[in-house]
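Since the structure of chain R is already known, use the hints to place chains L and Y on it.
Chains as they are written, first to last, in the working numbering: chain R, 1 to 326; chain L, 1 to 344; chain Y, 1 to 78.
Please keep in mind that the hints were generated in silico from the structure rather than gathered at the bench.
Among the hints, erroneous ones may be present.
[Stated by the list, open to error] List time: in silico DSS-like cross-link candidates among lysine-lysine, alpha-carbon distance up to 27 Å:
#, chain 1, residue 1, chain 2, residue 2
1, R, K173, L, K339
2, L, K28, R, K144
3, R, K201, R, K140
4, Y, K34, L, K41
5, R, K99, L, K118
6, L, K266, L, K339
7, R, K6, R, K284
[As the list claims (entries may be wrong)] FRET-style restraints, in silico, Cβ to Cβ:
#, chain 1, residue 1, chain 2, residue 2, range
8, R, G143, L, S269, 54 to 62 Å
9, R, T4, L, P209, 23 to 31 Å
10, Y, D12, L, I23, 46 to 54 Å
11, L, R27, R, E23, 50 to 58 Å
12, R, E319, L, N283, 47 to 55 Å
13, L, T295, Y, K57, 53 to 61 Å
Even for Gly, the Cβ is constructed at its ideal location relative to N, Cα and C.
Here is how the chains run, residue by residue.
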Amino acid sequence: MKPTAKQRIWMYEMMLTSRKLDEQVFEAYWEGKKPVFNMGKGPLPGEMHQSFGQEPTAVGVCAHLGADDAVGAGHRPHHVAIARGVNLKRMAAELFGKKTGLSGGRGGHMHLYDKSVSFFCSGIIAEGMGPGAGIALARKMQGKPGIAVSYNGEGAANQGAFHEVMNMASLWKLPFVAVIEDNKYAVSVTKAESTVVPSWKRASGAYACYGEYVAGNDPDLIFEAAGRCIERARKGEGPSILEIETERLHGHFIGDSAGYRSKEEVAAQKDPIPLYRKRLLDEKVISEADMAALEARVKKDVDEAMKFGRESDYPAPNEALERVFA
Amino acid sequence: MAQPVADTGRSLTMARAGREAVIAEMRKNPNIFVIGEDVAKLGGVFGTTVGMADEFGAGRVIDTPISETGFIGIATGAAMAGMRPIVEIAFVDFIGVCFNQIFNFAAKTHYMSGGQFKVPLTMMIGYGGGYNDAAQHSQCLIATLAHVPGIRIATPADSYDAKGLMHTCLRDDNLTIWMVHKRIWGLGWLGTALKTAIATVPEEEYAIPFGQARIWREGKDVTLVGYGITVHHALQAADKLAAEGISAEVLDLRTIVPMDRDAIFKSVSKTGRLVVADEDYLNCGVTAEVLAVITERDPRVLKAPAVRVAFPDVPIPFSRPMEDFCLPDPDKLVAAAKKTLGKS
Amino acid sequence: MTDIVVPADLWDTEDEGVLFLWVYPDGSIVEKGKLIAELTVEKAQLELTAPASGRLKIRVAPETIIRKGQVLGTIEPV
Numbered sequence: 001m002k003p004t005a006k007q008r009i010w011m012y013e014m015m016l017t018s019r020k021l022d023e024q025v026f027e028a029y030w031e032g033k034k035p036v037f038n039m040g041k042g043p044l045p046g047e048m049h050q051s052f053g054q055e056p057t058a059v060g061v062c063a064h065l066g067a068d069d070a071v072g073a074g075h076r077p078h079h080v081a082i083a084r085g086v087n088l089k090r091m092a093a094e095l096f097g098k099k100t101g102l103s104g105g106r107g108g109h110m111h112l113y114d115k116s117v118s119f120f121c122s123g124i125i126a127e128g129m130g131p132g133a134g135i136a137l138a139r140k141m142q143g144k145p146g147i148a149v150s151y152n153g154e155g156a157a158n159q160g161a162f163h164e165v166m167n168m169a170s171l172w173k174l175p176f177v178a179v180i181e182d183n184k185y186a187v188s189v190t191k192a193e194s195t196v197v198p199s200w201k202r203a204s205g206a207y208a209c210y211g212e213y214v215a216g217n218d219p220d221l222i223f224e225a226a227g228r229c230i231e232r233a234r235k236g237e238g239p240s241i242l243e244i245e246t247e248r249l250h251g252h253f254i255g256d257s258a259g260y261r262s263k264e265e266v267a268a269q270k271d272p273i274p275l276y277r278k279r280l281l282d283e284k285v286i287s288e289a290d291m292a293a294l295e296a297r298v299k300k301d302v303d304e305a306m307k308f309g310r311e312s313d314y315p316a317p318n319e320a321l322e323r324v325f326a
Numbered sequence: 001m002a003q004p005v006a007d008t009g010r011s012l013t014m015a016r017a018g019r020e021a022v023i024a025e026m027r028k029n030p031n032i033f034v035i036g037e038d039v040a041k042l043g044g045v046f047g048t049t050v051g052m053a054d055e056f057g058a059g060r061v062i063d064t065p066i067s068e069t070g071f072i073g074i075a076t077g078a079a080m081a082g083m084r085p086i087v088e089i090a091f092v093d094f095i096g097v098c099f100n101q102i103f104n105f106a107a108k109t110h111y112m113s114g115g116q117f118k119v120p121l122t123m124m125i126g127y128g129g130g131y132n133d134a135a136q137h138s139q140c141l142i143a144t145l146a147h148v149p150g151i152r153i154a155t156p157a158d159s160y161d162a163k164g165l166m167h168t169c170l171r172d173d174n175l176t177i178w179m180v181h182k183r184i185w186g187l188g189w190l191g192t193a194l195k196t197a198i199a200t201v202p203e204e205e206y207a208i209p210f211g212q213a214r215i216w217r218e219g220k221d222v223t224l225v226g227y228g229i230t231v232h233h234a235l236q237a238a239d240k241l242a243a244e245g246i247s248a249e250v251l252d253l254r255t256i257v258p259m260d261r262d263a264i265f266k267s268v269s270k271t272g273r274l275v276v277a278d279e280d281y282l283n284c285g286v287t288a289e290v291l292a293v294i295t296e297r298d299p300r301v302l303k304a305p306a307v308r309v310a311f312p313d314v315p316i317p318f319s320r321p322m323e324d325f326c327l328p329d330p331d332k333l334v335a336a337a338k339k340t341l342g343k344s
Numbered sequence: 001m002t003d004i005v006v007p008a009d010l011w012d013t014e015d016e017g018v019l020f021l022w023v024y025p026d027g028s029i030v031e032k033g034k035l036i037a038e039l040t041v042e043k044a045q046l047e048l049t050a051p052a053s054g055r056l057k058i059r060v061a062p063e064t065i066i067r068k069g070q071v072l073g074t075i076e077p078v
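Next comes chain R alone, as it looks inside the complex (with noise of 0.2 Å):
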């Protein structure tokens, strides 16, 4: 099933939202932290983990979720949160660690939740698996409709949680589709120096469940796959495997130079959102105008976004004691 127009501009915004943000983030991420890079200083601190080049993983999945559906990313979150509507100005705000932050600052760039459109993340590679799959099999518990999904790295897929939750997703028929988002690198260790296997999609056939594996980067044949691997999840067929080639455009955090790649191989690498909005305008699905438009909005989505986040009030610093308990 292929996307309508309405669906690809939607994709096309997501995926320039991410961007946007991202772009902003990363400004801001340095200051404070130069000369001297040290992790713990200045408004964003912490790990940075950005999403530059991977935005089309988030889109064509999200595309096709609703309201009963849950999303569980993991600690490269921004494009899968924005994807999957978490509100951008409570995500900013909990990037700067405010108190208007989804957690209330508690969680961080890593720990993004928002329950309203049941999002969830997990900072233990892989880890989100079992929670991701334990929401599936509620909503079947429940006889309530609505699938998860749940994101990992093609390095996460090494991890022992990734096969266990598989092998019970898939003897329990679970409504759950596991995308690998393959950026091929874990930090500095490629695919092939990790993983016995070409393709996790093989490891379909160790779980009995569906498999697919997604080349290009492409949203459009991203949107294409995930509907498959979704219908199947949604007609009680059982869960899929779903990964997806992509790129890593950037190093594994901010402050990693990735010099453990060479010049050739990331001069090689294609940015698939610039060539995803002339595809959009070349097949008239978008006027110039109407791109103009979205553009505009969008920048003025991420620039309030950024203004609320470096704006709000941090948390009084003893709620740091409230809320382990409900």
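This is chains L and Y only, laid out in the frame that chain R set:
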């Protein structure tokens, strides 16, 4: 607080009393389900779920593959989505393979989400040694679990408390861990029944709150603090001490997190002497936390240094004379009490 | 008066078991079908229910080794 006298006179084992609470809550609330290894057909390695698969069906008493990280994660997600799972981990030693899901997910999700996602998850875990099951199947690891914020821990010492604390755990909206020492479950293959662990248990429901210690025996010369099996060691030690004219007070912590620090301080203020007994390792353990209660509030209430009786900081040996050498027992508590009283 | 007998089909093998505990003290009024004792056979904890309603008279103490068909006590009419 003395144990109330039950009207029916039913002596139940801790396994059966805990199960009674689970069954009662499951009959009331369809969102509660049990998940773990050998919980359905076998009824649990320690008899925690006997008969439950027959009553509630395979959809609510779920046997899993050997995938602790996987199914604890799944249970956590189900809890986040409105279910109330009970996860069984038969031996506490196995928390190693899945500790991440326990301490980084189930314990922290409520906090990290700023209160958006609750995790009403109860774990049932067996712990303890003394039956020659060696280093990887005999541990307590209570301090290991107690150390991470976000976890409530109940360690009942008899069947009356086992049922009341299980009701409390199942009604709590957080991660609660209900832990029973294997030698007091009431299983014949782990030794003869410890009479003091088998209490009379009312048929009706009742809930014992977290953070409320229990004085099993009042005394004035020395406070013996324990939990789980060491409460029973303390009771036997108190009998022996009484024969020598020493009056010992036996205080059962009942819940490790939250700990009833007021009760500990009150008792030691009265007696002036403290012995803490724990089958868990000594270093950085529960015994140290109990001592901290006194030293932080007012060490001057102590007439003599406190004495800790705990498992030495060695892996648990297999050979019986070696394991017995290490394990707390009534005689070691008697010696500790006399030491703090300046008698030998 | 009804004998409390260890049923022949309570466990599969011919192994001996141990009477682990009586749920009610001697002289208690018990109800037919309710749990009155637990037995241990190898790694299993087995249940004994009252064959009749009435007053429990215990004949065999806990920790005693028992066999199938053995009479552990009686239930007397009240």
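To see whether the hints hold, each was checked on the structure:
1. R:K173 with L:K339: 62 Å, violated
2. L:K28 with R:K144: Distance ~21 Å between K28 of chain L and K144 of chain R Cα, so the pair holds.
3. R:K201 with R:K140: 25 Å, holds
4. Y:K34 with L:K41: 22 Å, holds
5. R:K99 with L:K118: Within the cut-off at roughly 20 Å; holds.
6. L:K266 with L:K339: The hint holds at about 21 Å.
7. R:K6 with R:K284: 12 Å, holds
8. R:G143 with L:S269: 54 to 62 Å: 56 Å, holds
9. R:T4 with L:P209: 23 to 31 Å: Because 57 Å falls outside the window, the suggested range is violated.
10. Y:D12 with L:I23: 46 to 54 Å: Once the Cβ atoms are compared, 26 Å apart, the range 46 to 54 Å for I23 of chain L and D12 of chain Y is violated.
11. L:R27 with R:E23: 50 to 58 Å: Since R27 of chain L and E23 of chain R have Cβ atoms about 56 Å apart, the given range 50 to 58 Å holds.
12. R:E319 with L:N283: 47 to 55 Å: 33 Å, violated
13. L:T295 with Y:K57: 53 to 61 Å: 56 Å, holds
Hint check: violations occur at hints 1, 9, 10 and 12; the rest are consistent with the structure.
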